[in-house]
Amino acid sequence: QKEVEQNSGPLSVPEGAIASLNCTYSDRGSQSFFWYRQYSGKSPELIMFIYSNGDKEDGRFTAQLNKASQYVSLLIRDSQPSDSATYLCAVGPPKLQFGAGTQVVVTP
Amino acid sequence: GAGVSQTPSNKVTEKGKYVELRCDPISGHTALYWYRQSLGQGPEFLIYFQGTGAADDSGLPNDRFFAVRPEGSVSTLKIQRTERGDSAVYLCASSLSPGASGGYTFGSGTRLTVV
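Going down the list, the protein sequences come from chains X and V. The letter at position 105 of the first sequence is residue 105 when you use our numbering, and the numbering goes up by one with no holes. The letter at position 30 of the second sequence is residue 1030 when you use our numbering, and the numbering goes up by one with no holes.
Note that these hints are calculated values from the structure, not bench results. It cannot be assumed that every hint is accurate.
[Claimed, not checked] According to the in silico footprint, chain X covers these stretches of chain V (three or more CB under 8 Å from chain X):
1) 1009-1019
2) 1033-1044
[Stated by the list, open to error] Using 25 Å as the maximum straight-line C-alpha spacing, the simulated SDA-like pairs for lysine to any residue come out as follows:
3) X:Lys42 to V:His1029
4) X:Lys42 to X:Ala68
5) X:Lys42 to V:Asp1063
6) X:Lys42 to V:Glu1071
7) V:Lys1011 to X:Gln38
8) X:Lys42 to V:Pro1070
9) X:Lys42 to V:Val1114
10) X:Lys42 to V:Leu1096
11) V:Lys1078 to X:Gln97
12) X:Lys42 to V:Thr1007
Even glycine gets a Cβ: it sits at the ideal position worked out from N, Cα and C.
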């Protein structure tokens, strides 16, 4: 079993809708949880991090963490074509373990 | 520097050759990480440095891979006797400290192709 699991997708989302991404992790000692966005041919770019149970909102993005269920999610509201990318869940510290990523395709 | 700099951006080498990949982290970042990413996969951890020392090298696949950071800034990933399976994008990241809030900043990567 991989340490960080994500659905590979692709997740097709109509423009303006909410994209919901899920991630589970196996190490109960994990303290830090990150979401990175990666465009094709580019390096990962940090978009959100969360450390405490509950929700954390930043603009159109909301990260949700449930440590008891070992579950992290990312919501993207009002999805735009520019949100089309692969979203990587990462868990740590100190080193980050990444999932394989979920490809999101926002259709106009 | 303003960001994490990796050189070269692309490297093509013949099977069996030796290669060095360089990473120049953000100024003041004490933690430096190397990852490898294959097509369709997430970044795979290789090694991380805290200062000059390798704090965790558990991700290095075998003894052909080695990394150094002699002055606590620039790091070099060294691969001996390259194999076609080593072809991937090698990513470097840095942070103020291990586990620093705000996550890790990645460089643009080195695409290694072994022919």
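Outcome of the hint check:
Interface restraint, the region 1009-1019 of chain V with chain X: violated (0 residues with C-beta to C-beta distance below 8 Å; minimum three). Coverage of the region 1033-1044 of chain V by chain X holds [criterion: at least 3 residues with CB-CB distance below 8 Å; count 7]. At most 25 Å may separate the alpha-carbon atoms for a hinted pair to count; lysine 42 of chain X and histidine 1029 of chain V meet this at roughly 22 Å. This hinted pair does not check out: lysine 42 of chain X and alanine 68 of chain X have alpha carbons roughly 34 Å apart, beyond 25 Å.
As the CA atoms of lysine 42 of chain X and aspartate 1063 of chain V are separated by approximately 29 Å, the hinted pair breaks the 25 Å bound. This hinted pair does not check out: lysine 42 of chain X and glutamate 1071 of chain V have alpha carbons roughly 29 Å apart, beyond 25 Å. As the CA atoms of lysine 1011 of chain V and glutamine 38 of chain X are separated by approximately 21 Å, the hinted pair is consistent with the 25 Å bound. Our distance criterion of 25 Å between C-alpha atoms is broken by lysine 42 of chain X and proline 1070 of chain V, whose separation comes to about 28 Å.
Between the alpha carbons of lysine 42 of chain X and valine 1114 of chain V the distance comes to roughly 20 Å, so the proposed pair stays at or under 25 Å and holds. Note on lysine 42 of chain X and leucine 1096 of chain V: the hinted pairing holds, with a Cα-Cα distance of about 23 Å set against a maximum of 25 Å. With a C-alpha separation of about 22 Å, the suggested pair lysine 1078 of chain V and glutamine 97 of chain X falls inside the 25 Å cut-off, and the hint holds. Distance restraint check for lysine 42 of chain X and threonine 1007 of chain V: the Cα-Cα separation of roughly 15 Å lies within the 25 Å cut-off, and the hinted pair is therefore satisfied.
In the structure shown, a violation is registered for the earlier hints numbered 1, 4, 5, 6, 8, in ascending order.
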